[in-house]
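Line by line, the protein sequences are chains A and B.
So the first sequence is numbered by the numbering used here: it starts at 1 and just counts up by one.
So the second sequence is numbered by the numbering used here: it starts at 1001 and just counts up by one.
Each hint should be verified, as a subset may be incorrect.
[To be verified] As a list, the in silico EDC-like pairs of lysine to aspartate or glutamate whose alpha-carbon atoms are at most 20 Å apart:
#1 K1348(B) / E90(A)
#2 K1499(B) / E1509(B)
#3 K54(A) / D1524(B)
#4 K222(A) / E1509(B)
#5 K54(A) / E1474(B)
#6 K54(A) / E1320(B)
#7 K1473(B) / D40(A)
#8 K1207(B) / D40(A)
#9 K1348(B) / E149(A)
#10 K146(A) / D1099(B)
#11 K1348(B) / D195(A)
#12 K1439(B) / E1377(B)
#13 K43(A) / E1482(B)
#14 K12(A) / D1099(B)
#15 K1644(B) / E1288(B)
#16 K43(A) / E1320(B)
#17 K1207(B) / E28(A)
#18 K196(A) / E1149(B)
#19 K194(A) / D1099(B)
#20 K29(A) / E1320(B)
#21 K29(A) / E1482(B)
#22 K1562(B) / E1501(B)
#23 K1644(B) / E1308(B)
#24 K54(A) / E1466(B)
#25 K91(A) / E25(A)
#26 K196(A) / D1151(B)
Don't read these hints as lab results, they were simulated from the structure.
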Amino acid sequence: MSQTVLIKIRRKDNPNAAPYWETFELPEKPFANVISCLQDIQKNPVNIGGVRVKPVVWDCNCLEEVCGSCTMVINGKVRQACAALIDPLEKPITLEPMSKFPAVRDLQVDRARMFKDLEQAHAWIDIDGTHDIGEGPAIDQETRHKAYELSQCMTCGCCLESCPQYTLDNNFLGPAVFSQARYFNMHPTGAMHKDKRLEPLMKEGGIANCGNAQNCAAVCPKHIPLTESIAEIGRQTTFHLIKKLFVE
Amino acid sequence: MIKRQAKVVVVGGGLAGLSAAMKICEAGIRVVLVSHQPVKRSHSVCAQGGINAAIDSKGEGDSPDIHFYDTVKGGDFLAHQPLVNDMCHQAPAIIHLMDRLGVAFNRTAEGHLEFRRFGGTLYSRTAFAGATTGQQLLYALDEQVRRYEHDGLVEKLEWHEYLGVVLDESQVCRGGVFHDLRTGALFTISADAVILATGGPGQLYGKSTGSAVCTGSAAAATYLQGAKYGNGEFIQIHPTAIPGQDKLRLMSESARGEGGRVWVPKDPKDNRNPTEIPESARYYFLEENYPLFGNLVPRDVASREIYEVVYNKGLGVGGEAMVYLDLTHKSPEFLDDRLGGILDIYEKFTGDNPKTTPMKIFPAVHYSMGGLWVDYESDGNGLIDHQSPRNQMTSIPGLYAVGEVDYQYHGANRLGANSLLSCIYSGIMMGPGVANYTKTLDKAPEDIPSSVFDQARIKWESRFKEIKSMNGKENPYSLHQELGETLLANVLIVRENKKLEKTLLKIDEIETRFGDLQCLDTSDWSNPTPSFINQLYNMIHLSRIIAKGALLRDECRGAHYKPEFEIVQPDEFDPHEYIDYLEKKSYEEVREEAFPPGHLEYMKKFEENNNHWLKSSIAVYKSNQPEISYEDVDASQVTPRPRKYN
Ligand SMILES: Cc1cc2nc3c(=O)[nH]c(=O)nc-3n(C[C@H](O)[C@H](O)[C@H](O)COP(=O)(O)OP(=O)(O)OC[C@H]3O[C@@H](n4cnc5c(N)ncnc54)[C@H](O)[C@@H]3O)c2cc1C
Chain A
1 MSQTVLIKIR RKDNPNAAPY WETFELPEKP FANVISCLQD IQKNPVNIGG
51 VRVKPVVWDC NCLEEVCGSC TMVINGKVRQ ACAALIDPLE KPITLEPMSK
101 FPAVRDLQVD RARMFKDLEQ AHAWIDIDGT HDIGEGPAID QETRHKAYEL
151 SQCMTCGCCL ESCPQYTLDN NFLGPAVFSQ ARYFNMHPTG AMHKDKRLEP
201 LMKEGGIANC GNAQNCAAVC PKHIPLTESI AEIGRQTTFH LIKKLFVE
Chain B
1001 MIKRQAKVVV VGGGLAGLSA AMKICEAGIR VVLVSHQPVK RSHSVCAQGG
1051 INAAIDSKGE GDSPDIHFYD TVKGGDFLAH QPLVNDMCHQ APAIIHLMDR
1101 LGVAFNRTAE GHLEFRRFGG TLYSRTAFAG ATTGQQLLYA LDEQVRRYEH
1151 DGLVEKLEWH EYLGVVLDES QVCRGGVFHD LRTGALFTIS ADAVILATGG
1201 PGQLYGKSTG SAVCTGSAAA ATYLQGAKYG NGEFIQIHPT AIPGQDKLRL
1251 MSESARGEGG RVWVPKDPKD NRNPTEIPES ARYYFLEENY PLFGNLVPRD
1301 VASREIYEVV YNKGLGVGGE AMVYLDLTHK SPEFLDDRLG GILDIYEKFT
1351 GDNPKTTPMK IFPAVHYSMG GLWVDYESDG NGLIDHQSPR NQMTSIPGLY
1401 AVGEVDYQYH GANRLGANSL LSCIYSGIMM GPGVANYTKT LDKAPEDIPS
1451 SVFDQARIKW ESRFKEIKSM NGKENPYSLH QELGETLLAN VLIVRENKKL
1501 EKTLLKIDEI ETRFGDLQCL DTSDWSNPTP SFINQLYNMI HLSRIIAKGA
1551 LLRDECRGAH YKPEFEIVQP DEFDPHEYID YLEKKSYEEV REEAFPPGHL
1601 EYMKKFEENN NHWLKSSIAV YKSNQPEISY EDVDASQVTP RPRKYN
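Turn these sequences into a full structure, and let the hints steer you where they fit.
What follows is the structure in structure tokens.
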């Protein structure tokens, strides 16, 4: 007889509706992951009670853990659904949406705030223009290695979901943004506009609000050294403050 | 007179859409950037291996001219040469720009850009950022667009889907129809021009290396409204992917660029652990059959060889359709630095450590060379006039297409690491022309009667109402799977007319069953089902373009391989003989003895075939079918000749 998998999903029809749990029993397949199970539900949206229901709604795109879309809470742990293979997961499997972002529907949440916060932190390099003005600055291998570690942040929100300081209704910027500010400040051209990135991090919701719980680095799927970034930004903002005091 | 600020809608925020948006903003034009999902999560993040530019940092003698030659040869001469030439000459400047934007490219000891080898060339021409180059490039462009958003020039509409174009009475594009994927609202946006940068159609095949939103639906919808679709039958099958239920994950060509070797056990029954199989019992078929290019032959060639070894010779690993891709001879530190991203993917999704065990891989659908037909204007010197509003314009005036969704640049087969280049190059290249187009418009969007927009919206409202009322027996997701399985079985590496004919009948059957779909969810809020049903409809039409194009093209070219029509190349043939032959022919009757036995006959056949088939296929929507015609290719710079990689 073929094996089956039980998946319990925390559903919600719209932002204002009450959440409810619904369980599905699915055939076990080789190389299955959480995404392929959700796809199987689309093909046969019948719950364990035999009732035909609306297919479960979730976000996904790249399916290889580089776009960040399919982040959700799987068996209590925040991670990408595509990289969650069924085989090693404890059964029954529970799927829940992230709790730190406004709910949209079922496993979908709205992470627009993360992108807005990147804008606040001046997370880009100010170039003169896109016309051809020759090579970029030379960068030593060690600096590039560090930069690459940081540049892989896919704005997935795992760090924020696990952070006790980050809530639905406050304005804490959180580790991903701090780490991005550090990343741009490391770049030879980016460093020329360091202050523009540090200023917003010194306001309410900035680096001073970090409670140093260190959950962020532990859950980051890209193993970005977020606590190191927090310490580094702490150092940079302190220097910036001292510099400002002297100048004023 | 007050100068009006023009407005351009860019649909899609992958590399192509973002670079176009950036360049157009730089000209002071407002951009509305529409995307299915947040642009930072676009499919381009998947690209692993790198991006090409002949910077020749290793003193190997590489040059943009050689890059140009490799690209047109790789594409079996089906690409318009002025475009490819211009792209290859702009490539170094593009890499330098991306470097200035902060992309964490790998570096040399001196701090300059590092390059590696990729398929279809003998030079180290591929710049890379670990094995997540697409992600890194996309982020850099996303950041520049965010900067313009901050300055108020860009308005982003994420979670919105493009459904179709708004055409005025003279069939000029005046905007688009959009679907808010949260509220379900349908509305139009008026604009001076619309740019489609909506990526490729991997989802047609159900499973591919592509992302979930790569349905090709936007392109197909536009074709249904009259736009020409070019070279549809050219679908690239990547030789090295790993299995999965939801998608086939790619193992980038960079694995071979960094020294990866492809092999199978000589004895198909040899089921020892691969690390215990001695060299003498391994068959390195690419290295043996292609001594010059070895594991780095172009993708069409590598995929066919794997097909041959696995299906015709029965040598697949463990009797399955798989071969080994072996990196175990490289040091773990080297692999981490250069390929970390993809090796992590392999380990995560298969449980095996590729640093100690050879990977098991097989070919998968990867890229569409074909796409919406677009125009260009040559500068008369073999390059492109960057000011021309014709560049990247579809057959619908005012509607542009760029990136994987267009049909230019890669001919019949794309070389690895050339797509990221073509996306960014064309996005940037088209900017000045689009700006010029907005200046020449006879009417501003405000001057178009509102009825034009109302009609477009009403049409889509009734279409979605109709979809929501579908209450038949078929499940849309299962029907999609069936469509994918049909294409996988019949329109893949090796193509046969009998099977292609059956495929077209099967597509007709799927279209009929489409009428019996059930809309599984009819709610208004954040409901993907109606949208998917509409996409499926578009996918059915797109698969017909591909299958019919493949059926009609009775030859072998690049990724399109039909053994029935293969012109077998003599073993000792040298492509230069063909150039000789053409020259001789221009002033005298060429005699059999002038060439080794059999070569003249081969060359005559090759020439005759090219006269007939060296043409872009163009599909136009007519009475529910693609009507296919053929257009000449600009091959004025490098004479098309037989390809050879050994
Ligand atoms: C696994 C993998 C690895 C690859 N590696 C390489 C490599 O190393 N080098 C290389 O050169 N190439 C590589 N390629 C190819 C390359 O990644 C793609 O061809 C390229 O990224 C396509 O970019 P794009 O901008 O055209 O489209 P995409 O990045 O696909 O973006 C499409 C955009 O359009 C939006 N969109 C689509 N439809 C709609 C709609 N109807 N309404 C609204 N928005 C819509 C999407 O949301 C998205 O923002 C790889 C491809 C794959 C699959």
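Structure-based check of each hint:
With a C-alpha separation of about 17 Å, the suggested pair K1348(B) and E90(A) falls inside the 20 Å cut-off, and the hint holds. For the hint linking K1499(B) to E1509(B), the alpha-carbon distance of about 15 Å falls within 20 Å, and the restraint holds. Only pairs whose Cα atoms come within 20 Å are accepted, and K54(A) paired with D1524(B) is accepted, the gap being roughly 12 Å. Proximity of K222(A) to E1509(B) is assessed by CA-CA distance (about 45 Å); at most 20 Å being required, the pair is judged violated.
Proximity of K54(A) to E1474(B) is assessed by CA-CA distance (about 15 Å); at most 20 Å being required, the pair is judged to hold. Between K54(A) and E1320(B), the direct Cα distance comes to roughly 38 Å. Violation of the 20 Å bound is thereby established for this hinted pair. Distance check on the hinted pair: K1473(B) and D40(A) sit about 17 Å apart at the alpha-carbon level, within 20 Å; holds. Restraint check for K1207(B) and D40(A): satisfied, since their Cα atoms lie roughly 14 Å apart, inside the 20 Å limit.
Annotation: proposed proximity of K1348(B) to E149(A) holds, straight-line Cα distance about 19 Å (limit 20 Å). Under the criterion of a C-alpha separation no larger than 20 Å, the hint pairing K146(A) with D1099(B) is consistent with the structure, at around 16 Å. With a CA separation close to 40 Å, the supplied pair K1348(B) and D195(A) exceeds the 20 Å bound. Distance hint between K1439(B) and E1377(B) is fulfilled; the C-alpha atoms sit about 18 Å from each other, no more than 20 Å.
With a C-alpha separation of about 12 Å, the suggested pairing of K43(A) with E1482(B) holds against the 20 Å cut-off. Under the criterion of a C-alpha separation no larger than 20 Å, the hint pairing K12(A) with D1099(B) is inconsistent with the structure, at around 44 Å. Taking the CA atoms of K1644(B) and E1288(B), the gap is about 15 Å. The hint holds against a cut of 20 Å. Of the supplied pair hints, the one linking K43(A) and E1320(B) is violated, its CA atoms being roughly 28 Å apart against a limit of 20 Å.
Of the pairs offered as hints, the one joining K1207(B) and E28(A) holds, with about 19 Å between alpha carbons and a cut-off of 20 Å not exceeded. For the hint pairing K196(A) with E1149(B), the CA-to-CA distance comes to about 17 Å; that is within 20 Å, so the pair holds. A distance of roughly 19 Å separates the Cα atoms of K194(A) and D1099(B); the hinted pair therefore holds under the 20 Å criterion. Between K29(A) and E1320(B) the alpha-carbon distance is near 18 Å, which keeps this suggested pair within the 20 Å criterion.
A threshold of 20 Å between alpha carbons decides the hint, and for K29(A) with E1482(B) the separation of about 18 Å falls inside it, so the pair holds. Using a Cα cut-off of 20 Å, the hinted pair K1562(B) and E1501(B) holds, with the two alpha carbons roughly 14 Å apart. Between the alpha carbons of K1644(B) and E1308(B) the distance comes to roughly 18 Å, so the proposed pair stays at or under 20 Å and holds. Taken as a hint, the K54(A) and E1466(B) pair is honoured in the structure, with Cα atoms around 19 Å apart against an allowance of 20 Å.
As the CA atoms of K91(A) and E25(A) are separated by approximately 11 Å, the hinted pair is consistent with the 20 Å bound. Between K196(A) and D1151(B), the direct Cα distance comes to roughly 15 Å. Compliance with the 20 Å bound is thereby established for this hinted pair.
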